[in-house]
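Going down the list, the protein sequences come from chains W and Y. Residue numbers are given in this note's numbering: position 54 of the first sequence equals residue 75, and the series is strictly consecutive. Residue numbers are given in this note's numbering: position 1 of the second sequence equals residue 14, and the series is strictly consecutive.
Heads up, some of the hints might be wrong.
[Said to hold, decoys possible] Below, in silico cross-link-like pairs of lysine-lysine (BS3-like), each with a Cα-Cα straight-line distance of 27 Å or less:
1. W/78 x W/32
2. W/78 x Y/118
3. Y/82 x Y/121
4. W/78 x Y/62
5. W/91 x Y/118
6. Y/82 x W/32
7. Y/82 x Y/62
8. Y/113 x Y/82
9. Y/62 x W/74
10. Y/121 x W/91
11. W/32 x Y/62
[Said to hold, decoys possible] Pair ranges (Cβ atoms, derived):
12. Y/125 x W/127: 38 to 44 Å
13. Y/66 x W/78: 47 to 53 Å
14. W/103 x Y/79: 38 to 44 Å
[Unchecked claim] Beyond 10 Å from chain Y on every Cβ pair, some chain W residues (computed):
15. 41
16. 89
17. 115
If you're looking for bench data, these hints aren't it; they were derived computationally from the structure. Quantities reported herein were computed from a predicted structural model and do not represent experimental measurements. We put the CB at the ideal spot given by N, CA and C, even for glycine.
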Amino acid sequence: DAGITQSPRHKVTETGTPVTLRCHQTENHRYMYWYRQDPGHGLRLIHYSYGVKDTDKGEVSDGYSVSRSKTEDFLLTLESATSSQTSVYFCAISESPPTGELFFGEGSRLTVL
Amino acid sequence: AQSVTQLDSQVPVFEEAPVELRCNYSSSVSVYLFWYVQYPNQGLQLLLKYLSGSTLVESINGFEAEFNKSQTSFHLRKPSVHISDTAEYFCAVSQGGSEKLVFGKGTKLTVNP
């Protein structure tokens, strides 16, 4: 299994509070991704990174920011959580050049009350 | 923009019956195609992929998918399913060389005894 660790795995928070989810990889892969999974929507890309300090938006990036200061870590931040951000968040990694073959973490379940 | 349509959100079948999970995509350029599987409370894992070459691709656990360019389809099939195949299956597409993968909304396969 690819070495991908997400933390925390479960979090309950209140509306308006900041939340940071962490993805850590031991594979030295260049590309890292954050997806959210919601019933009836499949997986939707939030942000991705193609190198240290190099990031770009996905299709549902509003309300989220990311940072990548090291190859192995990719952080997803919700500056002010809303109930619509209740979801399961998945981190994924891929090699370079990208082909679409992703390795996923186990997911982080976030509940915003 | 690319899109992926999985025509069935849920597919119930009996054990040892054949199954087909349908996937259509929209893209006018060269694409890479994937099927990912998600077992309960786990992340996604790659089941099979089409990058180039033979249009029929197979997985190690008996699934196969055929790339049909004229019909823009990549249906997943298995001639005889097991209880352990119960999972959610996601079709995904990327433009050749693109770092972005677009997922369908998923098909929940339930195999009943």
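Here's how the hints hold up against the structure:
no., hint, in the structure
1, W/78 x W/32, "holds, 24 Å"
2, W/78 x Y/118, "holds, 20 Å"
3, Y/82 x Y/121, "holds, 25 Å"
4, W/78 x Y/62, "holds, 25 Å"
5, W/91 x Y/118, "violated, 32 Å"
6, Y/82 x W/32, "violated, 43 Å"
7, Y/82 x Y/62, "holds, 15 Å"
8, Y/113 x Y/82, "holds, 20 Å"
9, Y/62 x W/74, "violated, 30 Å"
10, Y/121 x W/91, "violated, 37 Å"
11, W/32 x Y/62, "violated, 34 Å"
12, Y/125 x W/127: 38 to 44 Å, "violated, 27 Å"
13, Y/66 x W/78: 47 to 53 Å, "violated, 33 Å"
14, W/103 x Y/79: 38 to 44 Å, "holds, 42 Å"
15, 41, "holds, 20 Å"
16, 89, "holds, 14 Å"
17, 115, "violated, 8 Å"
Against the hints set out earlier in the document, violations occur for numbers 5, 6, 9, 10, 11, 12, 13 and 17.
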